[in-house]
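Enquirer: Sequence:
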Amino acid sequence: MKKWKYPIEGFTSSYRRVTNKVCRSKNVIVITSIVIFSCGTTKHEKTLRTRSEIVTSCVSNWFKSDLKSEQKVKVFHHQGYSIRYMGLVIGVNEKLDTIGVMYKYEIPKIEIGDSVYFRPEKWTDGEKSQSVIIDISNDENAFWYCATKLIYYGRVEM
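One point on numbering: in this note's numbering, the residue at position 33 of the sequence shown is 357, and numbering is uninterrupted.
Treat the hints loosely; a few may be bogus.
Stated by the list, open to error - As a list, the in silico DSS-like pairs of lysine-lysine whose alpha-carbon atoms are at most 30 angstroms apart:
hint, residue 1, residue 2
1, LYS396, LYS428
2, LYS452, LYS388
3, LYS452, LYS433
4, LYS446, LYS419
5, LYS392, LYS446
6, LYS398, LYS473
7, LYS473, LYS428
8, LYS433, LYS396
9, LYS396, LYS473
10, LYS398, LYS428
11, LYS419, LYS473
12, LYS419, LYS452
13, LYS396, LYS446
14, LYS419, LYS396
15, LYS433, LYS446
16, LYS428, LYS452
17, LYS452, LYS473
18, LYS473, LYS392
19, LYS392, LYS433
20, LYS398, LYS452
21, LYS473, LYS446
22, LYS419, LYS398
23, LYS388, LYS433
24, LYS452, LYS396
25, LYS392, LYS428
26, LYS388, LYS419
If you're looking for bench data, these hints aren't it; they were derived computationally from the structure.
Generate the whole structure from the sequences, applying the supplied hints.
Expert: Following this line, the structure appears as structure tokens:
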């Protein structure tokens, strides 16, 4: 009985041709993907760098002051408190001014659109010198940092 190496005559040559085409097309796909992702990353990095420069300029122009009286505010941005950084809430008060308050203690979870109260609180010079984490991950955050000109030292209550 004759042993067949391949069940169909000519199978090996057509198999090699198909395999070579598939491998070449996979290489093209991989190279194209690398080019697309590397271009996207570069554009994203440029966007972050530009956004960072804009936000840094806005934050350096903030006027910081002690809060003198209670204000009710609708929240549009909240940057949480941590042990090393102060928290920040930005919103619009009843006079339609965009203001923010830096706070120094953990507060209940705040959602965008919630109404909260900014209340006066005594801050030391050391506490006032601490900074806030600035999140530049999207244009909306950058907008609120730049729309705010006045930041108060105080506390936030629900």
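Enquirer: Against the 30 angstroms threshold, does the CA-CA distance of LYS452 and LYS388 hold or violate the hint?
Expert: 9 angstroms, holds
Enquirer: Can you confirm whether the C-alpha distance between LYS419 and LYS396 stays at or below 30 angstroms?
Expert: Holds - the C-alpha atoms of LYS396 and LYS419 are around 10 angstroms apart, at most 30 angstroms.
Enquirer: Verify the proposed pairing of LYS392 with LYS433, using a straight-line Cα cut of 30 angstroms.
Expert: Holds - the C-alpha atoms of LYS433 and LYS392 are around 25 angstroms apart, at most 30 angstroms.
Enquirer: Taken at face value, is the distance from the CA of LYS433 to the CA of LYS452 at most 30 angstroms?
Expert: 23 angstroms, holds
Enquirer: Given the hint that LYS392 pairs with LYS428, does the C-alpha gap stay at or below 30 angstroms?
Expert: Holds: LYS392 and LYS428 sit about 17 angstroms apart, inside 30 angstroms.
Enquirer: Is the straight-line distance between the alpha-carbon of LYS428 and that of LYS452 30 angstroms or less?
Expert: 10 angstroms, holds
Enquirer: Need the status of pair LYS452, LYS396: alpha-carbon distance at most 30 angstroms?
Expert: 22 angstroms, holds
Enquirer: Would the hint linking LYS396 and LYS446 be met if the CA-CA limit is 30 angstroms?
Expert: Holds, at roughly 19 angstroms.
Enquirer: Below or equal to 30 angstroms on CA atoms is what counts here, so check LYS398 against LYS452.
Expert: Given pair LYS398, LYS452 holds - Cα atoms ~24 angstroms apart, limit 30 angstroms.
Enquirer: For LYS433 and LYS396, compute the direct alpha-carbon distance and say whether it is at most 30 angstroms.
Expert: 17 angstroms, holds
Enquirer: Decide if the proposed pair is consistent with the structure: LYS473 and LYS428, CA atoms, cutoff 30 angstroms inclusive.
Expert: Holds: LYS473 and LYS428 sit about 20 angstroms apart, inside 30 angstroms.
Enquirer: Within a Cα-Cα threshold of 30 angstroms, do LYS473 and LYS392 meet the stated pairing?
Expert: Holds. LYS473 to LYS392 sits at ~17 angstroms (cutoff 30 angstroms).
Hint violations for this structure: none, all hints satisfied.
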